[in-house]
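The whole structure should be built from the sequences, with the hints applied where relevant.
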Amino acid sequence: MASDSLLLGPPQIYTKSTTITAVESSVETLNLSTQEPRLGFTENCSLTYNASGNPCLDFFFHVVPSTPSHETVERVQKAWAYDPLTTLKLICNLRGVRGTGKSDKQRFYTAALWLHKHHPKTLALNARTFADFGYFKDLPEILYLILEGESAREIAKREWDQRKGAKGIGRRRMQGSRGRATGRMARKSLAKMKKSTEKKNRTSSKLRKELRIKQNIAKANLEREHARTMRKERVLAMAKKAFERYNRDPVYRFLHDAVSDVFAEMLKADMQALNEGRHRDISLAAKWCPSIDSAYDKSLLICESIAKRVFPKESDPEYQTLEDAHYAFRVRDRLRKQVLVPLHKVLELPEVYMSANMWETLPYKRVPSVAMKNYKEHFLKHDNKRFQEYLESVKHGEATIAAGALLPHEIIASLNDSDGGQVAELQWKRMVDDLLKKGKLSNCIAVCDVSGSMCGKPMNVCVALGLMISELSEDPWKGHVITFDTNPTIQMVQGDSLSEKTEFIRNMNWGGSTNFQAVFDQILDVAVQADLTEDQLIQKVFVFSDMEFDQASGHHEYGNYYAGFGYGGYNNSMDDDDSSDMDSDESESDVNARRQRRNEARQQREREARLRRSGWETDYEVIQRKFREKGYNKVPEIVFWNLRNSKATPVPSDQSGVALVSGFSKNLVKLFLENGGIINPVAVMHEAISGEMYQKLAIYD
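Residue numbers (our numbering): 1 to 701.
To be clear, the hints were calculated from the coordinates, so they are not data collected in a lab.
Mixed in with the good hints there might be a few duds.
[Unchecked claim] With a straight-line cut-off of 30 Å between C-alpha atoms, the simulated DSS-like cross-links for lysine-lysine are:
no., residue 1, residue 2
1, K438, K478
2, K298, K313
3, K337, K298
4, K78, K429
5, K232, K206
6, K287, K440
7, K381, K345
8, K696, K634
9, K696, K670
10, K345, K105
11, K385, K395
12, K429, K137
13, K478, K137
14, K457, K478
15, K157, K478
16, K298, K345
17, K241, K214
18, K395, K437
19, K268, K696
20, K440, K478
21, K395, K365
22, K78, K670
23, K240, K117
24, K214, K287
25, K626, K478
26, K440, K105
27, K241, K117
28, K634, K437
29, K137, K696
30, K157, K117
[As the list claims (entries may be wrong)] Label pairs and their calculated CB-CB ranges:
no., residue 1, residue 2, range
31, I155, S291, 20 to 26 Å
32, G149, S393, 46 to 52 Å
33, K345, N374, 18 to 24 Å
34, K137, N507, 36 to 42 Å
35, D316, I213, 52 to 58 Å
36, S690, R334, 38 to 44 Å
37, L236, G439, 54 to 60 Å
Even for Gly, the Cβ is constructed at its ideal location relative to N, Cα and C.
As structure tokens, this is what we get:
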């Protein structure tokens, strides 16, 4: 993998000799500690577990798009200490766009940066497999974040928004000032027209105005030139930073070389497939490979590394006679002309047609799902008739539209776009149809949390996933959802269009809590009244929520009684004071206080033991008894689907008949499309990371 020659970088920073200092990489070691999960309370004072008892499952269940970076790192550390290989698979599951992945790019980047710091070989040697879970662009992005810091993108976006806002304000002020000045000038001019003696003054005023215009133009040119100079200096500084990091940090260089190897090997294989006419075998490496002089190239100098691997010196006798700087320039230019350009053309990338203003030949059937969502306004503007004809052909089943990489709530969010929601409707139908081809949800129903704590993106995700489950389920439960209410009711989703259906779910009544006993009672009542057979009975209940239930499991007396011991938080348990007996410097009051803390910790453990004995298993047994009394031997399984950053864990890791999943992606639904029952949360987690791609991952340090 390693490259024999170091990076040269642009001529401004090129030096003929570079000294490499050896850096030893350290591997963090954490002690494995397994203990029974502790009990606590939700934000709404309901009894819950603080953790599942399995750190890997906690990572799988609790890391969601709203999880802060430091919490993600903490969970990665604990999970890695518990089971490194499973944790590595779960990190890739965060990124997974296909299969059963969560499509959570930012949390994946956070975990990848942690891997680079603590397990750099594992990150570098799995780089090719990492790209399969997301896209090739992830690899240079990880390098960029290592160089610039994890928050670099967020800072850049904030600065861009500020510049954009300031520019808009300045423009409005200029326009307003010009308007007021024009009004004053008009009134003065009217007065001057009545006095022929002031003709000279008008001429002088006109000259002064022309002078001001010239001065403003000169000032604007100076500012533009200054901005151009500053940009060049920033680009040069980035190149110097990348050059120095590569040549002085062997850990970073190892990853940089690994990423360059991935792109070079894929591009060479794709060029061979192109030359042999095997167009279907061409990957998307060329699409995501940094272009020459692109932002990635300027900040990482990666095109030079890739080009040298695609066209090594020994590949052409002419290269042997060239100086290193000239050789680097030649192969970079050759990479663009002879590799990237022809591969871009055969891939029929929409960006190629758009940049060339070739709208009339753009193949809409080849436009990826995210590109279709982002570019549809451009298609309507530049190629309205042909694009509308394409959408009509999709509606009639004569053409297809991509939807695979989109999240359900992203599709719903584009319902109000300028196309009137046409693309969103078609992409939603494609998404549901693709899932139905993999199997149906036999007798399932969703409980949708539309409470105040779910405000914002979690609410939109809840509505989208709840609607999706209702459309994937078979009759008689198809098109139904259960309200997140004190008195749950099963409701038929109303509306013909996707927009009408989402509004119906969003506006459902919310009574302030989810009472699981009441949910099962309602399901049982409906089954008895409709005289449903056991096969027609609801088999799974999907609970889309933030898990902050309000007395959800019926432990009212326990929850209220123990609220005085620290409800509303999660760290409600106390550890024993392991101090020895009274020291010589310790007062009697200190000893008594320590003994009091020890007694309180012991009492807390006793309370938890009693609560466990009367916990979810007892509720589950009550539900089973109710169903048996009505002639049903099966009890609906529960899928707790976490949508918001929260520490509440409804059940421990070994609870049978229950699954703990999280995230915004539809992919995890595939786990439940088969007819097999849920064993327990850990089994579902391992099923999510059991695919073929996960088997390629390995631990190297």
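To see whether the hints hold, each was checked on the structure:
no.	hint	in the structure
1	K438 <-> K478	holds, 17 Å
2	K298 <-> K313	holds, 23 Å
3	K337 <-> K298	holds, 19 Å
4	K78 <-> K429	violated, 40 Å
5	K232 <-> K206	violated, 39 Å
6	K287 <-> K440	violated, 35 Å
7	K381 <-> K345	holds, 23 Å
8	K696 <-> K634	violated, 38 Å
9	K696 <-> K670	holds, 21 Å
10	K345 <-> K105	holds, 28 Å
11	K385 <-> K395	holds, 15 Å
12	K429 <-> K137	holds, 28 Å
13	K478 <-> K137	violated, 39 Å
14	K457 <-> K478	holds, 25 Å
15	K157 <-> K478	violated, 43 Å
16	K298 <-> K345	holds, 24 Å
17	K241 <-> K214	violated, 40 Å
18	K395 <-> K437	holds, 18 Å
19	K268 <-> K696	holds, 22 Å
20	K440 <-> K478	holds, 10 Å
21	K395 <-> K365	holds, 13 Å
22	K78 <-> K670	holds, 28 Å
23	K240 <-> K117	holds, 22 Å
24	K214 <-> K287	violated, 45 Å
25	K626 <-> K478	holds, 25 Å
26	K440 <-> K105	holds, 28 Å
27	K241 <-> K117	holds, 19 Å
28	K634 <-> K437	holds, 27 Å
29	K137 <-> K696	holds, 20 Å
30	K157 <-> K117	holds, 25 Å
31	I155 <-> S291: 20 to 26 Å	holds, 24 Å
32	G149 <-> S393: 46 to 52 Å	holds, 47 Å
33	K345 <-> N374: 18 to 24 Å	holds, 21 Å
34	K137 <-> N507: 36 to 42 Å	holds, 39 Å
35	D316 <-> I213: 52 to 58 Å	holds, 57 Å
36	S690 <-> R334: 38 to 44 Å	holds, 43 Å
37	L236 <-> G439: 54 to 60 Å	holds, 56 Å
Going through the hint list in order, the structure does not satisfy hints 4, 5, 6, 8, 13, 15, 17 and 24.
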